[in-house]
Structures are given as C-alpha cells and as structure tokens.
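**Q** So the chains spell out like this:
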Amino acid sequence: MISPLRRRHRLMWMIIGVILPVLFLIAVFNVPEFPYDTVAKADTQHFEQAAFQEDLESFSIEIGKNNDGSIELSFDLKKAFNSPAVGVYISNNNDIKGAQFLFAIGDPKVYSTKLDNMSVPNNIIIYDQIHKKILSSINTTK
Amino acid sequence: MAHQYVAVLWNRQKKLYDLYIFLGIILYLLAFIVLTMILKPNITEEALIIRASGSLSILILHIILIIGPLSRLNTRFLPLLYNRRHLGVTMFLIAFIHGGFSIIQFHALGNVNPLVSIFVSNNEYGDLLNFPFQTLGFFALIILFLMAATSHDFWLTNLGPRFWKAMHMMVYVAYALVILHVALGIAQSEPEPIMLTLLGIGLFTIVILHLMTAFKEVKNDREKSLNQRGYVLVGTVEEIPENKAVTINVNGEKVAIFKYDGKLSAVSNVCRHQNGPLGEGKIVDGCITCPWHGYQYLPHNGCSPPPFTEKVETFDIVLEDNKVYLNPKPYEPGTERSPVVISS
Amino acid sequence: MQNQDEFYIGYLPKAPKKISGSLKLIIFLLMLIMAFVAFMVVANEEKFDESTFEYGKLTELKGVIVKHPVPMLKVKMGIDPDKKEVYRSFILVNFGKMGVYELVDDLASKMDEPLDQYEVTVQGTLIYFDGKTLLELSNQSASIINFEKRDGTEPVSNFLTLQEEAILQGEIIDPKCYFGVMKPGFGKVHRSCAVRCISGGIPPVLMMKDKQGEMNYVLLTDYGWGPINQKILDKVGKAVRISGQLQSVDDWYVLKVNEAKAISLLEDPIHWGKDVYSNLVVDFQNSGKHTCPYHPEMSISLCQ
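Protein chains in written order, with UniProt numbering: chain A, 1 to 142; chain B, 1 to 344; chain C, 1 to 304.
Any given hint could turn out to be false.
Pairwise CB distance ranges, derived in the manner of DEER restraints [stated by the list, open to error]:
id	chain 1	residue 1	chain 2	residue 2	range
1	B	TYR125	C	LYS83	53 to 61 Å
2	A	ASP55	C	ALA142	43 to 51 Å
3	A	SER58	C	ASP112	40 to 48 Å
4	A	SER58	B	VAL173	27 to 35 Å
5	B	GLY230	A	PRO4	22 to 30 Å
6	B	GLU192	A	ARG8	36 to 44 Å
7	C	GLU102	B	GLU192	15 to 23 Å
Straight line, CA to CA, 25 Å or less: simulated SDA-like cross-link-like pairs of lysine to any residue [to be verified]:
id	chain 1	residue 1	chain 2	residue 2
8	C	LYS76	A	SER136
9	B	LYS263	C	ASP5
10	B	LYS165	A	TYR111
11	B	LYS165	A	ILE15
12	B	LYS14	B	GLU310
13	C	LYS209	A	TYR111
14	C	LYS149	C	ASN216
15	C	LYS17	B	PRO241
16	C	LYS238	B	TRP164
17	C	LYS47	C	PHE36
18	B	LYS244	C	LYS14
19	A	LYS79	C	ASN216
20	B	LYS244	B	PHE204
21	B	LYS14	C	LEU25
22	B	LYS14	C	LYS24
23	C	LYS47	B	ILE97
24	B	LYS244	C	SER20
25	A	LYS41	C	ARG241
26	C	LYS235	B	ILE67
27	C	LYS17	B	TRP10
28	C	LYS238	B	PRO114
29	C	LYS84	A	GLN100
30	B	LYS311	B	ASN251
31	B	LYS323	B	LEU211
32	A	LYS79	C	LEU25
33	A	LYS79	C	SER20
34	C	LYS76	A	ASP128
35	C	LYS83	A	TYR111
36	C	LYS14	B	TRP10
37	A	LYS79	C	SER248
38	B	LYS216	A	ASN82
39	C	LYS238	A	ILE26
40	A	LYS132	C	GLY78
No wet-lab data here; the hints were simulated from the structure. Predicted, not measured: the structure shown is a model, and the values here were computed from it. Beta carbons are placed, not taken as given, at the ideal position from N, Cα and C, and that holds for glycine.
In isolation and in its complexed conformation, chain A is listed as follows:
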C-alpha cells in the first residue's frame, strides 16, 4: 500500500474506529421500552347457579340464572378472532339460519346479555358474517 493511502487509512480509522463504536454503544444502551398502562379489569362473572360452562383457549362461556329468574349468558373473549365481523348467536338446531343474534364481538373482553326465553339454548354459534363462516359452535346439551 502506498503512503498516501496509509495516511488516509489512519485518518479514516481514527475517526471510524473511535466514533463509530461509541455511537453504536449509545444505540445499544438506549433501545426503547414500551410504556405500559394499568387498565381496570372487569370482574369475570360467575353465577351462583351455572347452567352451562365451557372453557376454551380463545374464549369461555357461562350461562347462569340470576336471582330474578332471568337467564344470562356471559362470554369472555380471551383472544380476538381473526375475522372482520363476528357475531354470537344462539339456536336450538346447529344452523345459523334462524339463529337469534346476541351481540357482536371484537375486542378481547367480557360480553354478556340476558336471554329472552327461560331455557338454555342448545347451541351457541360464533359466526363470521362477512365471510359467512361458522367459526365455532358450542353444543350445550352434551
């Protein structure tokens, strides 16, 4: 290597060899952390008399009787479905046609509603309205 090149290398490396590792280490020690919130959680509903209970990986369902005799369905969504518009329905046959719509689900949280008639429905259907696909069907009679 000729001497002007050696000089250039020395200059380059004094700058790079010192400044670059310093900047690099600054970047290393300052990788940001996400700021967390404290969010109030809803109490999961537990009925005194649970008429039906099902606990799955992405959701759990509980149907119980209230003191006034009304029937309530509580749906705890733990992980959102990968679908654009999901509704929860009840039916007495395992068919979305004629099923009664209860509520739409989206965010992972607890959804609940009182049921009209006084008996526990045979099927709870989770249905993607846009892709017209049944995502899950729970049979309460087994």
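With chain A held as given, fit chains B and C onto it using these hints.
**A** Frame of chain A, contents of chains B and C only:
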C-alpha cells in the same frame, strides 16, 4: 491491461469466483426464506424482501471489508482479493433492492413524493436516538452506487489509480453509515438484541483485523538511513529469496529488490494498475508479477511486456561483498538499468 | 509469509494446488457463516402479527357512513335481545397512505340529507386484526356504488363519555398499517410510514398495552371530533402520554385530546430492561354518560 474496454475480461478464475458469489447468495436467500416460512409465517412478502436483502447486503459488505486486511496478514486470501470488485457490485445491487423496496413500502402512495419523504417524514436531525435512520441508509446507498458505477478499469485508468482509490475509500464511510442505519433503525424496534449483537461482532471483527494489519505494516514502514555515499543498506544477498524480493522504505515509498537468474534488479514497489505491492509478487516467465491482479513488468527496465504499456521507476543497486546497497534516487519509469550480477 | 512456492495469478486457468485447497476451505467457512447469520436473524426477530389485509379481494358491504368520531361505515350485525340494532364499525381509509375526510365531505355535499340518513353499498378491501376492522376504499370515490334513503332516523352510533379527564400512555400508530398492511406497523422502523399515513388523513390511534400484554386502542381526535393529524406528526411512533376526554363509541374508544395540554413525550424513554408502568388507572369499564353523536359537547337528552 487491455486497450479495448470490455465490460468484463472473463477468465476461468473470475467465472468460478462469480459462481461462488451466486451460490452464496442463493444459499442465504433460500435459508432465509425457508426459515421464515417455518418460524415466522405471518410475514408479508415486502417485509421478507426488505429484511433478506438488507441483511444479506450487510453480510457481504463485512466479507468485502475483511478481504483487504486478511490478504495483508496471510497471502492465501489473495484469490478473494482478485475479483473483489464483482463482490462489491453484487453487494450494491442487493442493497439497491433493499433500498428500493423500503422506499416504496414506507414512503410511496402518500401525500409527499417518496424521495422527499425519506428526508422529511422523520426530521429529527438534531437528536441522536431519533435520528432519521433511513437518511443514513440513503447516503450509504449513494456512495455504494458511485463505487459500483466506477468499478470498471475504464474509470481506474481515466481517473487515475490514486484518485480512484481515494474515492473508493469511501466504502468505510458507507460502512459507518450502514452500521448506524441498522443501530438507529431496526435495532431500536426489536426487543431481542440480535441485530445489534451480530452487527457488533461484525464491527469488532473488522476493527480488530484492521488493527492487526496496521501493526504488521508499521513494522515494515521504518525507513532505512543513508550511508555516507547516499546509499541505503538493504541487507545480504542470501536474505533475498530466489525469484522474489525484499522491500525497503525510502523517501516515503517502498522499493522492491528482486533476485533472479543470479542477478539483482530494483523497481518501485507500486504497481501501476491499482498500486499493489510488486515486492510481494514473484518473477514468473522472466517478469515481475503483481500478487493482486497479475500485472507484469520486466525487471531490468520496469516496463510491461508488449503490447502492454505500464511502466514503473527503476533504481540502481550496488553489491559490495555480500551486501546489497540501493541508490534511493529513482529513474524515470521505464528507464533501463542493467541488473547487478551476483558473482558466486 | 507462508510457504511461497505457490503464487496465485488470477488470469491463469487453474490456481496452484495448496492455494486451491485453502480456498475451498475458506469458501466453505464463508458459506457456513452465511447460513448461520440467516438462521440467527430469522430465529430471533420479533414475531409478526396475524394482521390481515385482504389484498386483491373486494368485499361489498351495506351500511351507514358516519363522520364522527372519524369517518366510518357502520354495518348492521343484527338486533339484540333488547331489540336494539347492533352495528359493527369499519373505519374507512383510502387507497395508499391516504384518508377519506375529503372524500366523505365531498359525498356529503352531494346529498340532500345528512349522510347518516342513507344506507350505502360500498366495495372495498378488508383490513382486520385484534378485534378491529377497517375498510379500504380501493377504488376511491368509485367504491361507493349505491345509496338509498334508509328506514328510520335514529343515530347509528352510541356514544358514552367514560372519563372527563383520562391520561393514557402508549404509542401513536396509524390503524391501516397496524391492523393490516405492515409488519411491523409500529415502532421506529415504521415511523416514517405512519407519519405519511396520518399526514394523509388516516385517523391516528393510540396503541396501549398493559402489564399482562393486553392491548387497547383509542382513536385520537380533537375536542370537536375533528382530525388532529397534522398537529401530532412529530409524536408519531414514540412513547407518549396524552390527556383528554375518554369516550366509547360502540366497538371503539376515542380520546378527545386536550390540545391545551400538549401531548408530552415520555421523558427518558426508557433504558434497556427497565419497564415503564403508568400508575394512572385507565377505566374502560365505566358505564359512562350518554353523549350526543352529532354534537361532541352535548348530552343525549339535548341532542337533535
């Protein structure tokens, strides 16, 4: 060496070199894509292209930068040096894919021209940690483009080897920009410090290799002093290997003294092609052959054998007893000086 | 220098034997390094979300376009046991990195009645993830293919004011990228894109995470449900703390940002390994007061 410029002077070694470059790239991309499909299947195609091409081009850049120092430390790496240019141009093309897709992905289809958006979307130029990392990448790509565009010998000759090499030293600036582009970019978004760890290992390797080379070179840089007749003592005849040379540093530049066929000749150590170290070469078919790209010069007059026209400076040698003395004053390139015969 | 009987000359057809042998070993090692690096990068990079952008697939939806809190298509899901109509919100975005504020204003100006008195048929591309949905009007204004006056005049949006002054912290993201198009759709690497999207009119969203990793998303508007996009561009993609009035609107939350108290960047974001927890409890569970869906400051009883 040619007088007619063609895109590439193909030969078998270059073809093999390029074949291995191609195989290495295919290996990396296949491994990357297959592993991603298995381990991280939710990726989008654009993100896959951007990450694969980005990581591959940085890896190749590291390989390119270690070839120089490794070749100085151990001559078995010289074949990697021979066609390093092709590696450089390839690296630029892959980096260009990364840059191009990133610009489209992150800046196109918005309310501002994408090329403007690179510079204004994040305009915290005064902050270190929030510095717009994409701007750093953009300028690194510009430097790499300039280097790739002038990589051909046409530019080497017309710009002159010294200016050309000075310009190509910008690779170190590009390297620094690339390191910071990653450190202040993707590494800030990834919780696992993998990017920074790999980059740190790469940076460390390059720095260490360069330092080792610097220490080795410094030992050879010591200039010899002149005796009362104005000559420099090179050493004894036996110290010079047959068909090879020893080099000494005089007046800021090195001179190579070759021993061949019972004779001694001295020429400038600096090859006219890319300033390679002729003194680390060998006499092949009666010609001094440069270890970098095989350029040749006749030892008694410093001229390249016809039809080539490169010439190096020649020097006078005096042999007294067994000792070799060099007159440090160079003759014009191509001046014939009779070799000194070694009497047995 | 090594055993120097061998000398490599590149333009000769074959390299000398020992050099050739060394080279093969060097190349093999380099190939190993390349495979290793590929593995290390892929295995250790952060997992990608399941966010979906149904690219190339147009879906036709019928619903009502509302302008508040941000332009949305409300699609009727059904009637619940309390005989109330239930709507699913699809935030509307335009093609590319653009929003639909102008498009919707333009559409509204062509109508005789307010926009939410019509049922429109819209064709667009679905974007969804983690319980939220957006619709890209891929053909821009041509995506709206039909409209007819709807039965009934009740507002389709149900606003509840949960907290008069809530303080939230998180990262400002753009929902189109986050819920669908980009992976990742947050963080420094995505910041420029988020700035472009928000600057183009896509409504900004505050992405919030709690200690258990549960996510919440809050739309950000000004106090009149107008866009604050241009005012927050320099805070996008960073850790921020924002205060304002917290409301829920059907399946979304919205924060009407208090512009007098500037959005503050969290100081010291945060050194390696140290988490930053907010001790201000955010209560999304509040039953809240009904608010007028047309006038941000009014309670529902005074609403027209």
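**Q** LYS79(A) and LEU25(C) were given as a pair; does the straight-line alpha-carbon distance stay at or below 25 Å?
**A** violated (51 Å)
**Q** Mind checking the alpha carbons of LYS235(C) and ILE67(B) for me, to see if they're no more than 25 Å apart?
**A** Distance ~44 Å between LYS235(C) and ILE67(B) Cα, so the pair is violated.
**Q** Against the 25 Å threshold, does the CA-CA distance of LYS263(B) and ASP5(C) hold or violate the hint?
**A** Between LYS263(B) and ASP5(C) the Cα gap is close to 20 Å, so the pair holds against 25 Å.
**Q** Check the hint pairing LYS209(C) with TYR111(A) against an upper bound of 25 Å on the C-alpha distance.
**A** Within the cut-off at roughly 21 Å; holds.
**Q** How does the Cβ-Cβ distance of GLU102(C) and GLU192(B) compare with 15 to 23 Å: does it lie in that range?
**A** For GLU102(C) and GLU192(B) the Cβ distance comes to about 42 Å; the hint is violated.
**Q** Taking 25 Å as the top limit, are the C-alpha atoms of LYS238(C) and TRP164(B) close enough?
**A** violated (43 Å)
**Q** Regarding the pair LYS165(B) and ILE15(A), is the alpha-carbon distance no greater than 25 Å?
**A** The given pair, whose Cα atoms are some 19 Å apart, holds under the 25 Å limit.
**Q** Measure nothing beyond the straight line between the CA atoms of LYS17(C) and PRO241(B); if it is 25 Å or shorter, mark the hint as holding.
**A** holds (21 Å)
**Q** Starting from LYS47(C), check that the Cα of ILE97(B) is at most 25 Å away, please.
**A** Distance of about 23 Å is within 25 Å: holds.
**Q** Does the structure keep LYS14(B) and LEU25(C) at a Cα separation of 25 Å or less?
**A** holds (18 Å)
**Q** So if I understand the rule, the pair passes when the alpha-carbon distance is 25 Å or less; does LYS132(A) with GLY78(C) pass?
**A** Between LYS132(A) and GLY78(C) the Cα gap is close to 14 Å, so the pair holds against 25 Å.
**Q** Holds or violated: are the alpha carbons of LYS79(A) and SER20(C) at most 25 Å from each other?
**A** violated (59 Å)
Checked against the numbered hints above, the structure violates hints 4, 7, 10, 14, 16, 20, 26, 31, 32, 33 and 38; every other hint is satisfied.
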